[in-house]
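**Q** Protein sequence lines, in the order shown, are assigned to chains A and B.
Read in order, the letters of the first sequence are residues 0 to 680 in numbering that gives the first Met the number 0.
Read in order, the letters of the second sequence are residues 0 to 155 in numbering that gives the first Met the number 0.
Quick caveat, the hints were computed from the structure, so don't treat them as lab data.
All C-beta atoms, glycine included, are put in the ideal place defined by N, C-alpha and C.
Worth double-checking, as some hints may not be accurate.
Claimed, not checked - To be clear about the criterion: a stretch of chain A counts as covered by chain B if any three or more of its residues have a C-beta under 8 Å from a C-beta of chain B, and this derived list gives those stretches: (1) 312-321; (2) 661-669.
Stated by the list, open to error - Chain B is nowhere near these chain A residues, computed Cβ spacing over 12 Å in every case: (3) Q118; (4) C182; (5) E210; (6) E215; (7) T342; (8) V411; (9) D464; (10) N535; (11) K562; (12) A574; (13) M582; (14) E607; (15) A655.
Stated by the list, open to error - Pairs of lysine-lysine residues, derived as PhoX-like cross-links and limited to a Cα-Cα distance of at most 20 Å, are as follows: (16) K562/A / K128/B; (17) K628/A / K518/A; (18) K198/A / K240/A; (19) K113/A / K48/A; (20) K603/A / K17/B; (21) K560/A / K42/B.
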Amino acid sequence: MDMNQYLEVFIEESKEHLQTCSEQLLVLEKNPEDLSIVNEIFRSAHTLKGMSVTMGYEDLANLTHKMENVLDAIRNSQIILTPELFDVIFLAVDDLEAIVMSIAEGGDGKRDVKNVVYQLQLIEKGESPVFSSIAETAAASTVHEKEEVTSGEYDEFELTVLQQSKEQGFDSYEISIDLREDCLLKAARVFMVYEVLEKSCEVIKSNPPVELLEEEQFDRKFTFTVVTKESSEELHKKIMKISEVEKVGINTLNLDDLRHTANAKEEKKAAVDNQAQERNALLLSENKETKKQAPVKPASSKTIRVNIERLDILMNLFEELVIDRGRLDQISSDLDNQELHETVERMSRITSDLQTIVLNIRMVPVETVFNRFPKMVRQLARDLNKKVDLEIIGAETELDRTVIDEIGDPLVHLLRNAMDHGIETPEERLAKGKNEEGKILLKAYHSGNHVFIEIDDDGAGINKDLVLNKAFSNGILTKEAAATLTDKQIYELIFASGFSTAETISAVSGRGVGLDVVKNTIESLGGSVTIDSKENEGSIFLIQLPLTLSIISVMLVEIQKEKYAIPLSSIIETAIIKKEDIMNAHNQQVIDFRGKVLPLLFLKEIFEVPVHQEKEGFLSVVIVRKGDKLAGLVVDSFIGQLEIVLKSLGNYLTSAFAISGATILGDGQVALIIDCNTLIH
Amino acid sequence: MSTTNLVQDMKVIVFQIKDKEYAIPVDKVSGIEKLLHITRVPKAVQLVKGVINLRGVITPIIDLRVRFGLEELEYNDSTRIIVVILDDMEVGLIVDSANDVLDIPVDSIEPQPEVVGHSASEYISGVAKIEKRLLVLINLEKALSLEVNENMRKEG
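This is chain B alone, in the form it adopts within the complex (with noise of 0.2 Å):
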């Protein structure tokens, strides 16, 4: 990316998963919000928990646990949605806590090396390692995108 040389940090969001640690550029959520009420959608994809009245907009939920094939967990005191906007579009991600707001250098981030059989990897744009931790970064239309899951499904 050409950007990427001019900018020496990029602000992220950090949240945690299991016991991984995340991040989203901060350019790309609009908020992070305490869990609130979720409508069930019937018939949605499994990745699809519902919608929320998000201050007086539908906005949709997906589960990031889902998404990474991970056991999904009951939501707690910590879990929080992070509200995206990806091309006009909200939605909100469930994740088990957010915890920090960081800048990290760009030339940390590293391309996330091909690990075969792992589903989470596709979902991945790279990783940066900051002192000593390691921070996952989210390719959020890959991510998002409902037409993949549902070919999984059929496939599964």
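Isolated chain A (complex conformation) (with noise of 0.2 Å):
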């Protein structure tokens, strides 16, 4: 059966089984009472193997089934959790995560899975003969019921049917059916086997159920209970009539020993049950802070997928719109029509409605990009020898899909500088009087048009004579310049390229390159990012992003006739100055402002658009800055500041000079935007 069209959900479902498995794993360990937690990773684990089954990867749902069979053992305390069994799974979620990746980027998801199923096996295996009675007809009942599992289990109204009809002396057989292994539509055998037999039975179960069967979502055996007057030889003559059928077993079925095998299970069920709750009232009284800090689960919402470029085009749809909205709005004015008037003011609610649903529908919550992090966090911490908390706030917060994408290596660097160089190890916490963990927070929040996101550790933080030592050996900074920086300006030089204070280079950070791409990631997104420190007491990285890379706000200039449009993020502030204030230094056109030489910059001259007039006596200009590089951009004059959406200019003009896009305005228009960056140098 061709598999492809459901690969894309198989991949997409595959991803979430398996955050939810390492977020659990997570929580586990530090609850690692909690079986219902191994419960969660094992539903999980098993509707993995499922899918993967049906799939037909069989390293997925190879390494899969050994990780439920240890699952499964720890869920009946057959094995006892260790950090290094922890590893273990840890190692075999990775594993599985490769296979998925592998299969999404179009690998046939084979990957050599040997050495963690034989540790796994190890686990599984190397439980200690000593065990608690309870634990031991626990093992005991699994293994029963792993035998029924073929011959398929009854609930009480499916007895109650069996009793009946033996009472009103009608027979109950199980009749197991194996089609041949070459069968190919083995949905339509399995309807023609049912049909023979409701002509003279009641079929009562069926196992796999009826819903399987008919999606053929079963290997080649399939069972049916059936009560009925006819022997089992006739039924057994009847079915192997059918083509393509291999064996027909039919068994005869004892009630007696059905009920009793119910009933022991519903008492084991019982007793499982009985001893979690023990064990969770015991651990409430013991540690009400830690369970008052349980995440509370997040309800499941109804969601369905898009693909990024329907929602381009529904963005490009909607831009026109406004623009037509705009010219409705001007022949309306225009004719100065009552009813008119009405109704395109109707159709404005609507649209403004409109654009902010369109907008959010871009929005895509920093937990996609934040829930990679705990995992992350814990190896690393392992690897450092170092103990760390990961405490995680506001991962609901919205972020454009275009700023998530790139959001998530620069934040990756600065959580590993923070457990890096930030975090000491356990003894040096120790001796500082610290609590042995470290503990780092991740923070994401709204404020205004942006949102912030911290990155807060309680380490060792920065020493500030550590960095300018090596700020002056690295050349970076000189005696006399030092003097004057606050601490700010101190701790900014981490961020400058050629730049690292670790004393060792670790395979984790402090390569000296890093930090300064961290800066530059977040800058080009339009966003900065600041430090705070203060000596033995941590550090905070605060990052500002935009809201949206696809609208942003600009100052609307006017060029003789031209319109541009300058990024409201790189504008200092404008002014209005006298011809007569102009000032020549070095063949270059200079002012004097608020005490600093600024280098002004004629965009007339620039972008050599056709004048039409000169305008007399004073110039208005725009201060931008490149860093800490100022220049006036000298205008004709400001129109004012408006929200626009950010358009490319297309893949035929690749090096337009100094334009980073365009967009459209209002009446329809083109307006180009200017790239601060390129006209200063």
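Combine both chains into one complex, guided by the hints.
**A** In structure tokens form, the structure reads like this:
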């Protein structure tokens, strides 16, 4: 059967289940007593196994199966949780992720999982013979349960039906049918068998369930439970007449046995429940505080997956609508018709609601980036022999998809940096009188038109002298310049390229490339990053990001008859100056601006704008910055500030000078967006 | 071309620049627009007149008069922008007027005779004679290429 149409769904769901697995494993590591978490993990692993078997990825299925066994043993208290055991399970999850990723990239999902499987098997077998009696009975009944699976389980209702039919003189059979291996239309064969049985019997149960049989989600074997007056030999003959049936096995059901096992199971379940409840009660009383902090399980929301391209198309269409609305507005005010006025106004309101929704659709919670951090932090902490607790706040904060895609790597880097350089070793921490376990707080929140992400560690903080010395020796700073720097400016030095304060270079961080890359990436997103730190108390890295990259605030200016947009993020302020105030320095026109010499760039000349008329007397200047360099852009007039939709100039005009993109104004005209970074040298 | 033997007729858009008629295969054309407001792109080559807003997509515009080395003309009511698709890019061509859609028999197309010193000839893939009309078929790849133009600028 062609599985390609399901592949995408399979990959997405596998990723989700693996994510649940690793999240829950982390929770479990903190509360090893809470067996309900094991159940959660077990369920995810189980679904994953089912899916991978259906899709035919053997290694994936094999590994999940082994993992499931171990989890099952944990669930039944046969294995005691140790950090080493967690390591192996995490390793298994890593392998699973690698397999899923390779499938997503078009691979065949093959991977050498022998080592992990072997380790899992060791754990599975490595149980010590000394076990409490409860555990043993639980183990015994699990084995029993597994045997039962082939012959099916019956609930109370089905048992009653069987009982009643027996009283009325019917016989109960369990018919198991094996189809031939080369059978093509399995569902059709199942249907034929069903039809034959229906003529002379009552089918009360099928295993696997009917829905799965219809979808061909079974291997070759299936079982029907029937009540009938016909003899088993007759049934056997009838079924064997159907082509592609390989084997038919008919068992007479013994009701007393069934009742017995059902009861036994109930009891066992009750016992396990009791046990769990007792444990929970114990935990509650012992550890009320940690319980309180346990994250509330997010309510599952109804979602559909939509290709991002479709959203872009929606956005484009919507923009056209906005432009047409502007025109309609104009027409309606020209015509001065009351009814037209009202309709246009209602349309305006609807379009502005629509705008909010269209923009919101593209927003994604930062969770999608954050959720891979806990595992990374755990692994890194073990590698570094440090104890670190990562707390995440505000994972539901939403950011534009385009920003989300870019922000992952810088955050990874900052987290690694905090763990490697910030958090001290447990011994050092104890010596300093701190808690042995370091704490990193990752916090995201909205404020105005921005999203802030804060990485807050309670580690060693930044040593100012160390930073200064390093800056001197790397030639980033002169001793004279250092005297004028504030603390914050000193901290900012660690973002300079070619800077690293780590005394030994580790594989984690400290190659001296990195923090400057972090800063550049964030700035290229239109954001900024600042540091605050207190020695021996920790550091805070604060990242400020725009809500979206597709909509930016600009100042619209006019140069002769042309309109240009300057991003507000690079504007410091605007000013109107007298022509007489312009001075000449080295063939460069400058002005004295608040005690600083500010070079003037005449956009009219730089952009070779056709001149229609000269303005007299005063000049309008937009003061922009690139890093700490300032420049004044001379324009003819300011039109005002507005929010615009950023558009690319396309592939044909790849190298437009000092233009970073374009936008469409309310009147349908195109305005170009000035790239201040290329104007300032 | 092997396909020309199979296809008997070719549908083309016919347009006029100065006193000549030119043609582009209809499957390369995504639309014909009346003149819209063109935003000049600073420091772009002379060929590129700027960009327009084509239903929400920023589309670059080139002037075929410049390409063919003709004098530029004030745009008027009959000026049209023919939007063509080349390698997933949409580019608008400014022409004096767009006249017709024609089916021309493929075997009426003849290769352009080699003319020395005529700058337009390198952008032409052939000539078709229909009754008394002479249609010049445009080679879009060459006509849209910005590189050739830049080289020419450097040489000049």
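**Q** Look at each hint and say if it fits the structure.
**A** Against the structure, the hints come out as follows:
Judged by the Cβ-Cβ criterion of 8 Å, the stretch 312-321 of chain A is covered by chain B as claimed, because 4 of its residues qualify and three suffice. A count of 5 residues in the stretch 661-669 of chain A with a Cβ less than 8 Å from any Cβ of chain B is obtained; the coverage claim is therefore met, three being the minimum. Annotated as non-interface, Q118/A keeps its C-beta farther than 12 Å from every C-beta of chain B; the closest such distance is 50 Å. The Cβ of C182/A sits about 46 Å from the closest Cβ of chain B, beyond the 12 Å cut-off, so the non-interface label holds.
With a minimum CB-CB distance of about 45 Å to chain B, E210/A clears the 12 Å threshold, and the non-interface call stands. Listed as outside the interface, E215/A is consistent with that label: its C-beta sits roughly 41 Å from the nearest C-beta of chain B, beyond the 12 Å cut-off. Every Cβ of chain B is farther than 12 Å from the Cβ of T342/A; the closest lies at roughly 23 Å, confirming the non-interface assignment. Look at V411/A: its CB is around 34 Å from the nearest CB on chain B, clear of 12 Å, so calling it non-interface holds up.
Every CB of chain B lies more than 12 Å from the CB of D464/A, the least distance being 49 Å, so the non-interface label holds. Every CB of chain B is more than 12 Å from the CB of N535/A (nearest about 54 Å), matching its label as outside the interface. The beta carbon of K562/A sits about 8 Å from the closest Cβ of chain B, which is not more than 12 Å, so the claim that it is off the interface is violated. Even its closest Cβ contact with chain B, about 24 Å, leaves A574/A beyond 12 Å, as expected for a residue assigned away from the interface.
Non-interface status of M582/A relative to chain B is upheld: no Cβ of that chain comes within 12 Å, the nearest being about 27 Å off. Its closest Cβ contact with chain B, about 6 Å, brings E607/A to no more than 12 Å, contrary to its assignment away from the interface. Listed as outside the interface, A655/A is inconsistent with that label: its C-beta sits roughly 5 Å from the nearest C-beta of chain B, within the 12 Å cut-off. Taking the CA atoms of K562/A and K128/B, the gap is about 46 Å. The hint is violated against a cut of 20 Å.
The straight-line distance between the Cα atoms of K628/A and K518/A is roughly 17 Å, inside the 20 Å bound, and the hint therefore holds. At roughly 15 Å between alpha-carbon atoms, K198/A and K240/A fall within 20 Å of each other, so this suggested pair holds. Among the hinted pairs, K113/A with K48/A is consistent with the structure: their alpha-carbon atoms are about 17 Å apart, no more than 20 Å. Restraint check: the Cα-Cα separation between K603/A and K17/B comes to about 33 Å, which exceeds 20 Å; the hinted pair is violated.
Between K560/A and K42/B, the direct Cα distance comes to roughly 16 Å. Compliance with the 20 Å bound is thereby established for this hinted pair.
Of the numbered hints given earlier, the model fails hints 11, 14, 15, 16, 20; all others are met.
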